[in-house]
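Participant: Residue numbers (numbering that gives the first Met the number 0), protein chains in the order written: chain A, 0 to 213; chain B, 0 to 213.
Since the hints were made in silico from the structure, they are not lab data.
There may be inaccurate statements among the hints.
With a straight-line Cα cutoff of 35 angstroms, these simulated DSBU-like cross-link-like pairs (lysine-lysine) come out [unchecked claim]:
#, chain 1, residue 1, chain 2, residue 2
1, B, Lys163, A, Lys120
2, B, Lys163, A, Lys71
3, B, Lys163, A, Lys145
4, B, Lys2, A, Lys71
5, B, Lys145, B, Lys71
6, A, Lys163, B, Lys71
7, B, Lys120, A, Lys163
Number of protein chains: 2
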Amino acid sequence: MTKLSPTERTRIHRGPARGNYDRDVIHSILDEALVCHLAFVVDDQPYAIPTTFARIDDRLFVHGAAASRMIKTIAGGVRVCFTVTILDGIVLARSAFNHSMNYRSVVVLGTADEVTDLAHKRRALDAIVDRAAESRSRSARPPNDKELGATRVFALAIEEASAKIRTGGPIDDEEDLVLPIWAGHVPLALRAGAPIPAEGLAHDLATPGLRHRR
Amino acid sequence: MTKLSPTERTRIHRGPARGNYDRDVIHSILDEALVCHLAFVVDDQPYAIPTTFARIDDRLFVHGAAASRMIKTIAGGVRVCFTVTILDGIVLARSAFNHSMNYRSVVVLGTADEVTDLAHKRRALDAIVDRAAESRSRSARPPNDKELGATRVFALAIEEASAKIRTGGPIDDEEDLVLPIWAGHVPLALRAGAPIPAEGLAHDLATPGLRHRR
Numbered sequence: 000m001t002k003l004s005p006t007e008r009t010r011i012h013r014g015p016a017r018g019n020y021d022r023d024v025i026h027s028i029l030d031e032a033l034v035c036h037l038a039f040v041v042d043d044q045p046y047a048i049p050t051t052f053a054r055i056d057d058r059l060f061v062h063g064a065a066a067s068r069m070i071k072t073i074a075g076g077v078r079v080c081f082t083v084t085i086l087d088g089i090v091l092a093r094s095a096f097n098h099s100m101n102y103r104s105v106v107v108l109g110t111a112d113e114v115t116d117l118a119h120k121r122r123a124l125d126a127i128v129d130r131a132a133e134s135r136s137r138s139a140r141p142p143n144d145k146e147l148g149a150t151r152v153f154a155l156a157i158e159e160a161s162a163k164i165r166t167g168g169p170i171d172d173e174e175d176l177v178l179p180i181w182a183g184h185v186p187l188a189l190r191a192g193a194p195i196p197a198e199g200l201a202h203d204l205a206t207p208g209l210r211h212r213r
Numbered sequence: 000m001t002k003l004s005p006t007e008r009t010r011i012h013r014g015p016a017r018g019n020y021d022r023d024v025i026h027s028i029l030d031e032a033l034v035c036h037l038a039f040v041v042d043d044q045p046y047a048i049p050t051t052f053a054r055i056d057d058r059l060f061v062h063g064a065a066a067s068r069m070i071k072t073i074a075g076g077v078r079v080c081f082t083v084t085i086l087d088g089i090v091l092a093r094s095a096f097n098h099s100m101n102y103r104s105v106v107v108l109g110t111a112d113e114v115t116d117l118a119h120k121r122r123a124l125d126a127i128v129d130r131a132a133e134s135r136s137r138s139a140r141p142p143n144d145k146e147l148g149a150t151r152v153f154a155l156a157i158e159e160a161s162a163k164i165r166t167g168g169p170i171d172d173e174e175d176l177v178l179p180i181w182a183g184h185v186p187l188a189l190r191a192g193a194p195i196p197a198e199g200l201a202h203d204l205a206t207p208g209l210r211h212r213r
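Can you build the whole structure from these sequences, using the hints too?
Facilitator: In structure tokens:
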């Protein structure tokens, strides 16, 4: 398993045992999350905006309308922070102080490069659409030239990056263990409901393979 | 329903029909989300860090270890962006271009003020613990002076804020409606699993009321 080298910016200082710099671990968290928060700065004001993304090898891809503030800003080559957080559970300790959450998060820092080569751009957009359902880019109508032109795609290298992971039950202080207070953890997971066909959809079309358990 | 006034920073430009400035709508999204992403800037590098929070009336409260970078940074009175995103579904259109997500997000901009009054600080920390389970702050062992001292609490006014909401099925181009491609949406929701008691927990303790459906 190859490891990334933490920098002063990505090294986990609070709860260092929860820090993880393994490429495979970082990739698996990125591949499970459907939404990232992309942070950037405009006129000294930071923004964290949710958006979809995809990973191909060691790069993350985001896309957006050419007119969006986020896209115009990151096109300027400014530093960004790309964060995904998967919530895995609520941790109830005997003490209020030791309450916590189980989670897997990844932070990637850097600057994003625009993907202008059309073949690469199509490949990145396909990867984003494939996050919605298995092989979706092969069944959906592909982007035409006008749609490709209206969308800008940016790549961010997964180099200055770290994961932070908490799992398991509460860690109470020794003297709190005898208190008659329920303690433990409650797993949380994103679950899919039944797919809802679009109005007027033909009845003989197969529902695509979903990425989330029902 | 009272409305916030959008500023140039919080007005929704992309998909303006999805923008919402109603206080009640913003509050209900904030109250459902368990985790926010707090964006701040250190040495020209933005960060978006996941953390827990609570709302009391028109203010958001976050807390953290006094030694954490996030806490030390926001204590400096810098501008922050507080974002929550609730993922409600995946939207599959006939065209790759019109794929989307259903979501409810809130962005709050401003600077955070430290809560130093001990009664207010305890009330904010109680509100954060109550996010974990119903009335949890009344059953858990309350913070002692040492724990209170190790934690700093900050308040952010919900003033410069907006929500963005997408619901429903795909919006395909007229000419794509005849294509033999499944289209529709797949609801997603965070669901709880069975609570897992801490090791050695007495068997006669009642499990607390959970905030998520099983």
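Participant: If a hint holds in the structure, say so; if it doesn't, say that too.
Facilitator: These are the hints, each one checked on the structure:
| no. | hint | result |
| --- | --- | --- |
| 1 | B/Lys163 x A/Lys120 | 27 angstroms, holds |
| 2 | B/Lys163 x A/Lys71 | 20 angstroms, holds |
| 3 | B/Lys163 x A/Lys145 | 26 angstroms, holds |
| 4 | B/Lys2 x A/Lys71 | 29 angstroms, holds |
| 5 | B/Lys145 x B/Lys71 | 19 angstroms, holds |
| 6 | A/Lys163 x B/Lys71 | 20 angstroms, holds |
| 7 | B/Lys120 x A/Lys163 | 27 angstroms, holds |
When the structure is compared with the earlier hints, no violation turns up for any of them.
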